[in-house]
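Participant: Residues per chain are reported as follows:
2 protein chains.
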Amino acid sequence: MRYELYYWSGIQGRGEFIRLALEEAGADYVDVARGPGGEAEMMRLMQAEDIARPAFAPPFLKAGDLVIGQTANILFYLGAELGLAPRDEGGALWAHQLQLTLADFVDEIHDTHHPIASSLYYEDQRAEARRRTEDFRRARMPKYLGYFERVLARNAAAGHLIGNQLTYPDLSLFQIVTGLRYAFPQRMAALTPHYPRVIAVHDQVAQRPRIAAYLASPRRIPFNEHGIFRHYPELDGAD
Amino acid sequence: MRYELYYWSGIQGRGEFIRLALEEAGADYVDVARGPGGEAEMMRLMQAEDIARPAFAPPFLKAGDLVIGQTANILFYLGAELGLAPRDEGGALWAHQLQLTLADFVDEIHDTHHPIASSLYYEDQRAEARRRTEDFRRARMPKYLGYFERVLARNAAAGHLIGNQLTYPDLSLFQIVTGLRYAFPQRMAALTPHYPRVIAVHDQVAQRPRIAAYLASPRRIPFNEHGIFRHYPELDGAD
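Chains A and B, in that order, are what the protein sequence lines are. The numbers in the working numbering rise by one with no breaks, and the one at position 57 of the first sequence is 57. The numbers in the working numbering rise by one with no breaks, and the one at position 123 of the second sequence is 123.
Check each hint, because a few of them may be wrong.
The list treats identical chains as interchangeable, and a pair is accepted whether it falls inside one copy or across any two copies.
What the hints assert, rightly or not - Here are the simulated SDA-like cross-link-like pairs (lysine to any residue), alpha carbons at most 25 Å apart as the crow flies: (1) Lys62 / Ala238; (2) Lys143 / His110; (3) Lys143 / Glu49; (4) Lys143 / Glu39; (5) Lys143 / Asp124; (6) Lys62 / His231; (7) Lys62 / Ala80; (8) Lys143 / Arg219; (9) Lys143 / Arg208; (10) Lys62 / Ala190; (11) Lys143 / Asp104; (12) Lys62 / Asp239; (13) Lys143 / Ile51; (14) Lys143 / Gln204; (15) Lys62 / Gly26.
Just so you know, these hints were derived from the structure itself, not from any lab. Note that this is a predicted model, so its numbers are computed, not measured.
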C-alpha cells in the first residue's frame, strides 16, 4: 500500500513522528504537501465537505479507504501495520501509553515559546515564554526524561523502551532528544549525563541504516523557528 | 471483571472521562483513591519498583493483569471492553481520533488558568492566565466547538458523534460542555446557540438513566477550583 501523509511542508513538527516510522519501515509513502499540489491539496482534503471523518488539524494519513488523524493515533495504526509495535494487546496499549506521554512532552515543548496563543508570534509573548521555559527547563524536562529513564531501567534489553526490538515510541524519543538538543543545547548538555538510557535509545535509532539515510537526505527538513523545537538563545540555560 | 480506577480523590479532572464510561456501562469498578487506602495507595502503585509499566501520572486503570495509563488509552481499551466504541478498525480509530482531539481541548482548558506552570498557584500566574484565556474564549472555543459541530453535521443520526449509538467520545463531549458551562458561564451562554448539535449530544447523555443517576449521586465530585474546569469570574466574559 502507498500511504499518503498530509502535513505542513516547511517544518518537521508533529508530522516528523510519522515520517520517522514510515522511513524506518521502508514504507511506500508520499508526503503530499511537499509535492506538486502543495499545502493547498492538504487543505482541500481537510476541509472537503464530502469527507465523513474530517481531521481537526494535520497530520493525517490516508491509507486505502481510511483517513486517520492525530499523531499518536496514526502511529498506533502504523505500529501494527509496519511491525513497529508489540503484537499482544497489553504491549500495544503500553506502546500507545508511552507515545501519549511523549505527545504530552511535545505539547509542553511547543508551549515554551507559545504560552499564550498559537496565533501570536513568539515575539508577542516573549516575557511569558521566558517564565514558562524556566519552569520547563528546571521541572518538566527532568520529570519527563526521568520517567523514560525509569521505564528503560525496567526493560532488560538496553536501547529499547519495550522488549528487545525497535518500536515507534523509540523513534519518537529519538526525535525529542534531537529536538531538545537543537532548542536547548546548554540545558541538554547539563542534563544528558543523568539519563544514559534515554541517550542510548537516541544513539541506537540514529545508527539504524534507514534512519541514518533519511537524516542525511533532503527529505529531512532542517530544524527551524517555525516548528515545535525552536532555538531562542534567551530561553536556554544550563539550569 | 472488577476494574480498579486510580485517580485523585478530590477532583473530577481527567479521571472523570473514565468514570463516565464505567458508569454508563454499569461496570463493576472501584475508585481506589476514594476508598480506605486513599491517594497513598495510588501513589504506592504508581511508584512501586516492581511495576514493569509505570504510569507517568494518574489516571490509570487496573484491569486484571493490565495496568493502563493515559486517559485516551484507557478509553480506547474500555470502549472495546464495554461496548462503547465501534467494532470495526476504522470506526475504532475514528472514535480514538475524536477522543484525542477532545483531550487537546481539555489541555487547553487547563492551561487557561495555568499558562506558566502547573506547580504554581493560579494566583501566581493571574496576568498570564487572563491573556491566555482571552485568546481561548475568542479563538479556541469556537474552533473546537465548531469542529465537533461539523463532525456531528456529517453524521446522519442526531445526538451522536459516531453512527447511531452512544460511544465514549459522546460522554467526553458531554463532560466538556458541562465543565465549560461551569467555568465560563457567560461565554458559553453566548456560544451555545451556534452549536445546537454539540448541545444535543450533551442533553442526550445527561438524560441517560445511568448517567443521570451517577450525576445525582455522591460519586460525582462537584466542580471546584482544583480541577481542570475552574470558575474564576475575572476569566469569563461574553466574548
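Participant: Between Lys62 and Ala190, at a C-alpha cutoff of 25 Å, which is it: within one copy, between copies, both, or neither?
Facilitator: neither (41 Å within a copy, 37 Å between copies)
Participant: Measure nothing new, just compare the shortest in-copy and cross-copy C-alpha distances for Lys143 and Glu39 to 25 Å and report within, between, both or neither.
Facilitator: Between copies only: 20 Å across, 36 Å inside.
Participant: How would you label the pair Lys143, Asp124 (within, between, both, or neither) given a Cα cut-off of 25 Å?
Facilitator: between (28 Å within a copy, 22 Å between copies)
Participant: Indicate which option fits the pair Lys143, Gln204 if close means a Cα-Cα distance not exceeding 25 Å: within, between, both or neither.
Facilitator: within (23 Å within a copy, 41 Å between copies)
Participant: Which holds for Lys143 with Glu49 at a C-alpha limit of 25 Å: within a copy, between copies, both or neither?
Facilitator: The answer is between: 17 Å across copies meets 25 Å, while 43 Å in one copy does not.
Participant: How do Lys143 and Asp104 come out at 25 Å by Cα distance, when the copy is not named: within, between, both, or neither?
Facilitator: both (12 Å within a copy, 21 Å between copies)
Participant: Between copies, within a copy, both or neither: which fits Lys62 and His231 at Cα up to 25 Å?
Facilitator: neither (32 Å within a copy, 41 Å between copies)
Participant: Regarding Lys62 and Gly26, is the shortest C-alpha distance of 25 Å or less found within a copy, between copies, in both, or in neither?
Facilitator: within (17 Å within a copy, 37 Å between copies)
Participant: As a check of your reading, is Lys143 near Arg219 (CA-CA no more than 25 Å) within one copy, between copies, both or neither?
Facilitator: Classified as neither: same-chain Cα gap 32 Å, cross-chain 32 Å, threshold 25 Å.
Participant: Within a copy, between copies, both or neither: which one fits Lys143 and Arg208 at a CA-CA cutoff of 25 Å?
Facilitator: Intra 28 Å, inter 41 Å, cutoff 25 Å: neither.
Participant: Cα distance capped at 25 Å. Does Lys62 pair with Ala238 within a copy, between copies, both, or neither?
Facilitator: For Lys62 and Ala238, neither the intra-copy (42 Å) nor the inter-copy (40 Å) Cα distance is at most 25 Å.
Participant: Between the shortest in-copy and the shortest cross-copy C-alpha distance, which are at most 25 Å for Lys143 and Ile51: within, between, both, or neither?
Facilitator: between (40 Å within a copy, 18 Å between copies)
Hints 1, 6, 8, 9, 10, 12 from the list above are not met by this structure, while the remaining hints are.
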